[in-house]
Each structure stands twice: as C-alpha cells, then as structure tokens.
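Q: In case you want the letters, here they are:
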Amino acid sequence: MNSFREGIMPITRLKIEGLKMANLNIDSAKERTFDAIVIGSGMSGGWAAKELTGKGLKTLMLERGRDVKHIKDYPTTNLYPWEFEHRGEMPMDVQEANPIINRCYAFKEDAAHFFVKDHEHPYVQEKPFDWIRGYQVGGKSLMWARQTQRWSDFDFEGPARDGFAVDWPIRYKDIAPWYSYVEKFAGISGNKDGLAELPDGEFLPAFPLNAVEDYFSKHVKESYKNRHVISARCAHLSKPNPIHLEQGRAQCQERTLCQRGCPFGGYFSANSSTIPWALKSGNLTLRPFSVVQSIIYDENKGKATGVRVIDTNTKETIDYYARIIFVNAAALNTNLVLLNSTSHRFPNGLGNDSGVLGKYVAFHNYSAHIGAEYDGFKEWKTDGRNPAGGGYMPRFRNVYKQETDFLRGYASGFGAYRGYKHSHEGVGSEFKEGLAGKELGPWRVGSHMMGETIPKESNFVSLDANKKDAWGIPQLKISIDYDDNDEKMKKDYLEQLKEMFTSAGFTNIKAESNHQAPGLDIHEMGGARMGNDPKTSILNKWNQVHACKNVFVTDGASMTSTSCQNPSLTYMAFTARAADYAVSEMQKGNI
Amino acid sequence: MNRRTAIRNLALVIGGAALLPACTEHNPIVHYKHFDISLDQQTLITDMAETIIPKTNTPGATDLNLYSFIIKMLDDCTTKKDQQAFLKGMGEFNEVPKKLFNKSFADCSKKEKEDVLKTFEKKGNNYSKDQLAFYNTVKGLTVFGYTESKYFMTKEVVYELVPGRYNAYYPVKN
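Chains as they are written, first to last, in the numbering used here: chain X, 1 to 591; chain W, 1001 to 1174.
Next comes chain X alone, as it looks inside the complex:
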C-alpha cells in the first residue's frame, strides 16, 4: 500500500475499507448482541441484572451516568463533619442555580455529587414538579431512605374496591414469595408484627423503639382500634446472614451517613449488592455513559430487537441487540424511553395501543408533618444512632371499609429523640461551656405524612414537541398536581395525629403543611401501568408489555396504584418475579 501514489489511494482504500467495514459491522453487531439488555442500573435495574445473569443470560446493563464503584467511589464516606469545607452546607451559588434539587433534604455537601443538577438535565414543568434524579450506576439506590414495607391486598385490591385506576392484575399471594426472595438477599430488618395491612417478611432483627416511641406505640394500641406504631422496617444488615457476607457486605454500624455510600455495605444498594453480584457471574457487561434514545422495534419480527444508545462522551449513536429488554430507567424516564420509541406499529410509543402510556402517574403526599415534646421518661435517653429512623404507623384509614370523605389513607413516620439542652443566648466563657453541656432537654417527637394519591388521566407526562436535551432526545413534560382528595387526606392526617399526640400527653404540638410540590417525595409511579386489559394498560401481570412481549417494565412506571408504603421493595420483588418469568418464556421459545 505504501507504494500507491496519493492520487489513486483514496479509491483503493475506500474499497478495502469498505470490505473491512462490512466484516467489522458483522463482527461488531455480534459484539453488540446480548441475551438481555437492562436499561438502568438502580434499585430495580440492579435486580434485573442480578436475576438475568444468574440464570445464565449474557446481559448488558446501560446506565446514562457515570460508574460508581462500591466504596472506591464514595469520596465523602469517611469524612468528619469538620472536614467538609462548609460543614455540610451547600454554597449559595449552587443553591440558587439549582432550586429544584436544592429542595431535596439530602442535597448537602456530603452527597450532592450523587444528585442531578437542574441545569444538567432540564425538563418542562406544566405544573410544579420537583423531579429528583440520580444519574449514575446505582441510581437513587445509593441515596434512598431505605424504608422497606411490604404492600398488602388492601393495596392491590384498592383500585377495584374503591373504583379508581384499573384493577391490579396480581394479588398479594402472587408477589409474596418474591418479597421473601428479595428480602433474604437485600437484608431487611424488622419485627414480625402480625398486621394484615403490613405483611411480615423475612426479617433480620429490628432496630428497637426507644422509650417514648415504645410508649406511644402502647398508648395508640390501647386507645385505638387497628392503629399500630411499629419499628420501621428498613434495608439494613442489623445482623448479616452468610448470603450478605458473601456479597462482601458487613453489619450496619449505625453511622446513619448512608447517603454518602456505605463502606460496610450496611444498607442495600445496587452498588453494594446486586451489581457486584451480577458482575461476579461473568455474564454482565456494564456500560455507563449510555443514554437510551429508544427501544428498536422490528416490524417484521413483531418484537423489539434492541436499544439505541447515545454515548454521552462521544455523542456516537450505537445500537445494541438482545432477545429481551428490561426497562428500569426510573419511573418517569422509563415513560420517556417508551414514549420516544416510536415505529410504524407504535406511532405513539412502544406498546401504547391503549393511549394510556404516560398517564395515570401518581406519587406520595409528603406535604405534612407534626412535632411536639414529651415531658416524661426523663430517666431514659438513647445511645448511638438508629438507622431505621424510629417508628412507622401503617395506614389505618379506610383499610377495612370506606370511612372518610376521601379515598385511601396515609402511613405516618414516627420518631422520638432526646438531645442536650444548649442555650443560644449569651456570650463569653459561661456560654462557651454551656455549648458542651450535658444537661438533657425534653424528648421531642415528630411524624410525617406518607399519603397515597389516586392515579388520574389528568396527571401525566409527555414528550415536549420542541425542547430537546443535549442528545437530541425530547424533553419530558410533566403535568402532575395534587387534588381535592389529597387536601382532605392531609387535613385528616393533621387532625388525627394531633389528637393522638394530645391523648398521649405530648405538648407544644406544632402541625404543619409544607406545600411542597409533587416529586419531592421521590415516589413518582405509574405511566406504564399493569392491568388485565390491554385496552387500558401497558403491561400484563408479568410486567410484560401487552403488545411487545419481549419488553418488560419493572420499575415505578409499572405501578397501577401507589399504596402508601415506600415502593422500592415492591419494585425489587416485581423485577425478580418478571425476570424469572421472562427466562422461562425464553426457554419455552415464546419470546
């Protein structure tokens, strides 16, 4: 080739390169072909990867953000408070440039690097919606609040009984064994409380209630029918089993610095648990910096054949192929991916024959809390820190029958703590000494509301017709709001809690409505809901797209209704169940 003169080289090279390219394309397409693709690497994506690789499937996991390796990529995890430049506070220019994410309680100097800044990924708010996102390997499973309460048939039968949304295509008995399955691996601490509205699970020892939490629990039980304050169940290794040690995780050390990432793996995250497990199988290829543009649908084959990805570093568009695709991009981004996956067969988004894709999105109403003091149990305090955060009061409203002028109900967090008394008045040596004083103050108690909201057609997400993101993908337009039912429920929460606090002898009660926008609860769900009828739902009872059987959606987007329990555990269970079904269908040759 060196002897060719310049003039003729381009043509020759073109031919040779052309031949090479053809081969390369075949080779490269082979290299880009997997048994399964998982879109997203967070709470549910990690489970999909673990289950699919565990069943021998060569799996590609796509993550739009950077990689976050367990321990190695937790830069703040072992910092002392004084080692933070601003002692935890966020600089004002960052706060002012990011009003949305700045409203998130965990957006502080120790964990801000795990949250998406407003300007990095804009979206359109038709109504105020605080969209809290974590774009990295592990997603929000790194920073989540780790509450893991099972849902019950009071939740799964809710829509049918109360006449909203559509009937869930499953019941508790369908998901119960999968709850057990994921709980054993993730490690959930809790007590067997024997409550129908909050089924028991496979528990590690619970973190105990303290004196005042215990007192309130007993008081509520004695004074009210069907009201219970239990120790909150959470994804912490209070006492690890061999399966947890095998994951490289160790006992929770009660640091309660979880949002930084835990060097002990004391709480469950995709980074500490499911992803390393999947990698160990040798079947997982993890590809960070990969934004999914769409799912590729083959009109002839009548199924999805792969995923179109944009490499966020090179801006290159790359297609990956697989027999099955799991969509776990987090609720609203899963809607975006499906809506943007258009074809001749699906002009309005993949699987969207019914027209309900993006609609019936709901969330949890976290917009009220109440605080008080208790002048008793002076002989007790606590020592160390409680990762569970204290107590949990399962829903007691409208459980067995409709009893209020609003539908559904709320769960309530409940915690008590006792700190030292420090006067903030004065100056000088006496004042200084007082700051280190060991005189205990009164017990303080607090509760926050976690309300179920009703999925409605008018609460929806769609693709903006004009605005695009940095990769040419339409921006998500969000149109979600509270309604009258939420207001009535909030009023009831504040009244009921005030009454319970008063009857328990708590004083200085302060009840507050905080008027936060939807989204800040970080429990948005729905848009690609499950249902029995393809005319009114996107997914069947196996989280499988009705009209495109080799695509599964197992994150928050799949939820038919929201319950009032924290949803992550339920996503995990649905994901493991769907993965099991998907592989059995592949083996049968059905997909």
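Heads up, a few of these hints could be off.
[Said to hold, decoys possible] Computed list of lysine-lysine pairs in DSS-like fashion (alpha-carbon distance at most 25 angstroms, straight line):
1) X/K421 with W/K1123
2) W/K1080 with X/K117
3) W/K1155 with X/K438
4) X/K421 with W/K1150
5) W/K1099 with W/K1129
6) W/K1155 with X/K421
7) X/K108 with W/K1122
8) X/K239 with X/K192
9) X/K117 with W/K1129
10) X/K498 with X/K225
11) X/K438 with W/K1173
12) W/K1123 with W/K1111
13) W/K1033 with X/K117
14) X/K421 with W/K1055
15) X/K218 with X/K378
16) X/K510 with X/K221
17) X/K108 with W/K1129
18) W/K1122 with X/K421
19) W/K1173 with X/K421
20) W/K1055 with X/K438
21) W/K1173 with X/K378
[To be verified] On the chain X side, residues computed to face chain W include the following (Cβ under 8 angstroms):
22) R87
23) L209
24) N210
25) A211
26) T382
27) N386
28) V427
29) K432
Read the hints as simulated data drawn from the structure, not as lab findings. Glycine included, every Cβ here is placed at the ideal spot set by N, Cα and C.
Starting from the known structure of chain X, fit chain W onto it as the hints suggest.
A: Same frame as chain X, now just chain W:
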C-alpha cells in the same frame, strides 16, 4: 489582637483563595468573591468571635481561626441580600460601643466587649435591622464553626463516625 498578628493572620486567610490585598497604608483591604474586608473589619469580627467563644483553659475562637470560617461561610453560603445586610450592619456596629463606653469596640476591655454584645440579645433594644443581622450572623457562624470544629468534636462532645451501636433505652445517670 496586635496589629502584627492581625496582618499575619490576614495573610493566612488570603491563602490563595482571595485576591491580594490592596494595600492602603494603614488599613489593607482583602477582596473576597463577593465583598471586601478591611483589616479593621477583620479585627472587629475576630474580636467579636473571641468575645463569644473566648480562650479559657481550652481554645477560643482565635485559636480555632473561626474568623476564616465566618468569612468563608459569608462569602460562599450566604445570599447577596444577607451579605449586604451584614456589611451595612458592620458599618453601623461601632455606634453601639461609642454610645455605651464612648470608644470603639477595639478599644473596649474584655468585660466591656461582652457587655456590648449582650445588648444585642436584650429584648427591646432599638438596633437597626442591619446591626442585628450583622451581630446574629457573626454569633451564629461563630457558634456553628466552634461546635463543628475538630477541637470541639473530638474533645468536648465526641463525634463518632462509626458508633457501631444503637441503644434505644439508655439510662440517664444522675
């Protein structure tokens, strides 16, 4: 604080973050990101912090360099509006010791300095909004800086990075 120490501290504060001081003869000025602080102002804030958290048989505000912390937090973590109020209030601050003791804060004795600051916490004082904002910011950041200092969190109230325990019922010893 004597002048030599003050200038040396000023140089330490500048570190590399702030720009070089514009040296006027007697009252050099340091430019921060959002405002300027003169040597006299630095002395005032340092003295106030030391009055709030004095050196006793344990370190005080000056030992713990809380002045630098106060300025950093004011520069980085405070709104423009609050910074303006702080600066304005700082300018009006010496009216108080002038009225009480007929001298500037710098010239007050330790006891007089304490008395000056205590009047800011008295109900019914008629200080301007900005004066109060200045005082409350210095006080708040001094206390914040002190209670989050390595000294305080290792020697006074021991902060545990890894408690390794949660005792829900822990008896209070009397």
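Q: Find the hints from earlier in the document that the structure breaks and name them by number, from lowest to highest.
A: 7, 9 and 17
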